[in-house]
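Produce the complete structure using the sequences and hints provided.
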Amino acid sequence: EAEVAQSPRYKITEKSQAVAFWCDPISGHATLYWYRQILGQGPELLVQFQDESVVDDSQLPKDRFSAERLKGVDSTLKIQPAELGDSAMYLCASSYDRTTNYGYTFGSGTRLTVV
Amino acid sequence: AQSVSQHNHHVILSEAASLELGCNYSYGGTVNLFWYVQYPGQHLQLLLKYFSGDPLVKGIKGFEAEFIKSKFSFNLRKPSVQWSDTAEYFCAAYKAAGNKLTFGGGTRVLVKP
Numbered sequence: 001e002a003e004v005a006q007s008p009r010y011k012i013t014e015k016s017q018a019v020a021f022w023c024d025p026i027s028g029h030a031t032l033y034w035y036r037q038i039l040g041q042g043p044e045l046l047v048q049f050q051d052e053s054v055v056d057d058s059q060l061p062k063d064r065f066s067a068e069r070l071k072g073v074d075s076t077l078k079i080q081p082a083e084l085g086d087s088a089m090y091l092c093a094s095s096y097d098r099t100t101n102y103g104y105t106f107g108s109g110t111r112l113t114v115v
Numbered sequence: 001a002q003s004v005s006q007h008n009h010h011v012i013l014s015e016a017a018s019l020e021l022g023c024n025y026s027y028g029g030t031v032n033l034f035w036y037v038q039y040p041g042q043h044l045q046l047l048l049k050y051f052s053g054d055p056l057v058k059g060i061k062g063f064e065a066e067f068i069k070s071k072f073s074f075n076l077r078k079p080s081v082q083w084s085d086t087a088e089y090f091c092a093a094y095k096a097a098g099n100k101l102t103f104g105g106g107t108r109v110l111v112k113p
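Just so you know, the sequences run in chain order A and B.
According to my numbering, the first sequence is numbered sequentially starting from 1.
According to my numbering, the second sequence is numbered sequentially starting from 1.
If you're looking for bench data, these hints aren't it; they were derived computationally from the structure.
Yeah, the Cβ is synthetic: ideal placement off N, Cα and C, and Gly gets one too.
It is possible that some hints are incorrect.
Unchecked claim - One-sided excerpt, in silico: chain A residues whose CB lies under 7 Å from chain B: (1) Leu45; (2) Gly103; (3) Ser108.
Here is the structure:
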């Protein structure tokens with residue numbers, strides 16, 4: 001079964017440092033999502049890509065977060081500088097298109113701890 | 001604001017007990033509804049989904065959910081749980097106008113053997 005790959009699985013960083021996460025969606029999936037899941041809460045959408053274009057980044061804290069999907073395939077989410085409140089699980093998901101008719105497939109996530 | 005709410009944060013029950021998890025959404029109009037499960041250390045997996053038609057949907061592992069439009073609810077049920085059902089369960093809603101899947105806060109279920 002095809003999977004969404006994410007790395008690293010775990011990341012510990014000091015506050016004010018930069019950190020980056022990588023996601024490789026399922027081949028052929030045009031839509032890619034980054035979600036943040038704070039402990040004890042449900043995932044919240046940070047940014048959505050359709051191919052290489054951002055279609056929704058309304059919940060992305062743009063002063064410190066950035067995301068790109070340059071070739072419309074894999075994607076990188078960056079935080080600079082990291083703050084203590086950024087500690088969370090960062091989930092990547094992909095889908096065939098922007099509808100949910102084909103479902104979302106989630107990766108295993110990157111657990112970030114900011115110390 | 002559009003939201004999805006799950007009534008229980010934690011549920012503890014014994015094997016063979018019945019499970020029902022509540023979910024309410026605040027969207028009007030057409031909405032697609034989902035239940036996802038996250039087993040310890042694993043990624044989110046789709047349990048079941050409702051788009052239209054029969055409001056009682058059956059998913060994997062013996063789970064089912066009932067869509068009640070008048071109550072804006074989509075509750076998850078399982079008649080007899082197993083220890084392996086210990087996990088966190090998330091309700092989610094998708095409204096085409098926003099092209100966004102919104103999750104509830106999750107319910108942690110612990111099944112005691």
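Notebook entry, point to check: Going by Cβ atoms only, is Ser108(A) closer than 7 Å to chain B?
Noted result: At 5 Å from the nearest chain B Cβ, Ser108(A) passes the 7 Å test, so the hint holds.
Margin query: Quick check on Gly103(A) please, does its C-beta sit within 7 Å of some C-beta on chain B?
Written below: holds, 6 Å
Margin query: Leu45(A) was flagged as interface toward chain B. Is the shortest Cβ-Cβ separation under 7 Å?
Written below: Interface hint status for Leu45(A): holds (6 Å vs cutoff 7 Å).
Against the hints set out earlier in the document, no violation occurs for any number.
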